[in-house]
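Colleague: Chains A and B are the protein sequences, given in the same order.
FYI, the numbering for the first sequence is 1 to 297, going by my numbering.
FYI, the numbering for the second sequence is 1 to 298, going by my numbering.
Accuracy of the hints is not assured; some may be wrong.
Straight-line distance between alpha carbons at most 30 Å, and here's what the computed DSS-like set of lysine-lysine pairs gives [claimed, not checked]:
#: 1; chain 1: B; residue 1: 2; chain 2: A; residue 2: 187
#: 2; chain 1: B; residue 1: 2; chain 2: A; residue 2: 126
#: 3; chain 1: A; residue 1: 187; chain 2: B; residue 2: 103
#: 4; chain 1: B; residue 1: 8; chain 2: A; residue 2: 213
#: 5; chain 1: B; residue 1: 103; chain 2: A; residue 2: 213
#: 6; chain 1: A; residue 1: 243; chain 2: B; residue 2: 2
#: 7; chain 1: A; residue 1: 126; chain 2: A; residue 2: 187
#: 8; chain 1: A; residue 1: 126; chain 2: B; residue 2: 103
From chain A, some residues computed to sit far from chain B (all C-beta separations above 10 Å) [unchecked claim]:
#: 9; residue: 186
#: 10; residue: 242
#: 11; residue: 268
Think of the hints as simulated: they come from the structure by calculation, not from any bench.
Note that the Cβ used here is the ideal one computed from N, Cα and C, for glycine as well.
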Amino acid sequence: MAALQEQDRVTTAPATAVRRRRGPSAAAWVQSVFLVVMALISLVPLLAILVGTFQDGNEVIRRGMTFDVDLAALSLDNYVLLFTDSGPYFRWFANTLLLTIGQVAGTLLVSAFVAYGFAMYEFRTKTLWFVMVLLVMTVPFEMLMLPLYVQVNDMGLADTYVVIALPFLASAVTIFFFRQYFLGIPKEILEAGRVDGVSEFGIFFRLVLPITKPAMAAMAILNGMLCWNNFLWPLLVLRSPEKFTLPIGLNTLLTPYGNNYELLIIGAFFSLIPILILFLAFQRFFIEGITAGAVKG
Amino acid sequence: MKQLLYSKRLAPYLFILPFLVTLAVFWVVPLGRSFVMSTQEVLYGQATFIGLDNYTRLWQDRIFWQALFNSLRYMVLTLVLLIPIPLALAALINSGIGSARIKAFFKASMFVPALTSVVVAGIVFRLIFAESDTAIMNQVAEFFGFGPVRWLRGDVTGLVALLAIALWRWTGVNMMYFLAGMQAIPTEYYEAASIDGASRFRQFVHITVPNLRPTIVYVVTISVYGGLAMFLESFMLYAGNNSPNNQGLTVVGYLYRKGIEENDLGFASAVGVVLLVIVMTINISYLVASGTFKKEAA
């Protein structure tokens with residue numbers, strides 16, 4: 001038991017050689033079968049929606065999502081519909097893309113800026129404000145939505161993209177993550193910059209930002225995903241159908257009045273594609289970004 | 001201007017200024033406003049002070065208690081499911097045995113659901129838990145010898161569907177949290193324990209779990225908050241904020257109904273304040289009990 005355990009913890013060449021000669025143990029087989037079964041169960045909903053995209057939409061609503069389908073009845077009609085006659089769908093798609101890019105760029109810049117202040121300087125009220133960052137992380141947005149909604153209406157900012165993004169540009173989780181990252185950057189860089197006569201902000205923009213790419217990637221992915229999927233706040237803010245984002249638009253298709261079930265299934269599936277492609281390409285950054293909140297140590 | 005850019009004393013405040021402004025404009029003011037509105041009757045923009053009447057009304061409101069019960073029940077059950085299961089899976093992945101390739105496939109497959117929006121997840125699960133005997137969950141039910149179940153009509157079966165969404169979306173994420181925590185535990189601890197003859201299970205209980213405490217505290221905290229604030233899963237699963245006998249109504253759902261749908265802002269604010277107090281009380285007492293603050297002070 002102990003030998004087995006050590007073998008994998010420190011994967012040295014001789015240890016792997018030993019294992020290869022012996023072949024996988026019974027325990028390893030059981031584990032592998034279990035993991036594969038669990039993985040497949042986890043993929044069932046996605047496979048179900050994929051199968052659904054080849055079925056008649058009203059049929060899916062009537063029979064539910066199922067793998068029990070008549071193969072002869074499957075068709076590419078929904079795909080044709082999506083690309084030829086999907087009404088506002090690609091408008092929603094473009095809106096979501098625009099909003100996501102804008103909001104992510106803003107969030108990275110503003111949050112990194114704030115995090116830099118917390119990481120690189122000593123000042124009297126620092127602890128107080130940093131505790132505020134942590135506190136903000138534990139207040140659910142759902143509790144804020146009503147007064148924020150009232151406030152936005154009073155300010156006459158409803159139905160604008162700016163107000164969807166603005167409250168979340170200084171994002172607590174992102175600030176927290178960047179701060180951790182900046183703490184690992186040697187302060188000598190700052191001193192060198194000061195000696196060369198670079199301003200405090202010049203140091204941030206010209207010397208520090210360029211070396212934060214890995215942290216930027218993780219946070220771009222996390223925030224990108226959150227924006228792409230954002231639902232509740234845009235649902236409250238947006239009024240005009242031409243400004244709808246994908247989640248809002250898809251939701252309108254689900255209501256009985258939407259009466260466009262072909263588009264609902266294929267549209268829901270298609271909205272996953274950009275994120276899935278990004279995930280396959282940048283899996284490491286996804287996991288790093290989404291688990292960023294966990295306090296290390 | 002130049003002085004401003006070069007001042008080392010002023011710089012930190014300018015750097016954190018965007019956060020301070022956000023905090024003031026989008027957190028403190030709205031939250032304060034929530035407290036004020038909860039003591040008012042707000043009708044067509046006209047606010048009248050009515051003291052604690054909204055809270056009295058809330059106390060006597062049967063539907064509010066039902067919503068609170070639903071939220072608490074959901075939170076407790078997600079804690080019961082979404083801490084031990086991901087923890088066990090992470091331990092399994094972190095164990096020495098098994099193929100690395102299969103583990104990578106497993107991790108990716110468990111993580112993918114977290115990428116879906118609540119809208120897509122809701123649409124899919126609504127149709128997987130459809131009433132028709134051909135829907136996936138009814139085929140599973142049939143396999144175990146049950147007739148077609150009208151999942152979303154029944155209180156308990158509806159809850160099963162809600163929990164299925166939560167399990168599907170968050171098992172992988174929580175597992176990754178635990179895995180990250182486990183990989184930070186020095187291997188010497190395990191080596192020493194094996195030399196002393198401790199079994200794998202004993203090692204898990206006496207080394208892994210205590211060393212994972214910060215991660216567990218974090219996951220519990222976000223789960224409490226996520227569980228009590230649950231709304232959209234129910235909103236999507238029931239295709240709106242109305243479920244049979246309000247079985248899917250949560251506190252936030254009630255806040256949404258009163259505040260947004262019925263425009264009863266004063267009363268809805270009182271709901272929000274009560275929810276905030278409950279979440280903060282649970283989280284702060286949990287953090288105190290688990291010794292998190294003590295560690296930070298030291």
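Colleague: Does the structure break any of the earlier hints, and which numbers would those be?
Modeller: Failing hints, ascending: 3, 6, 8 and 11.
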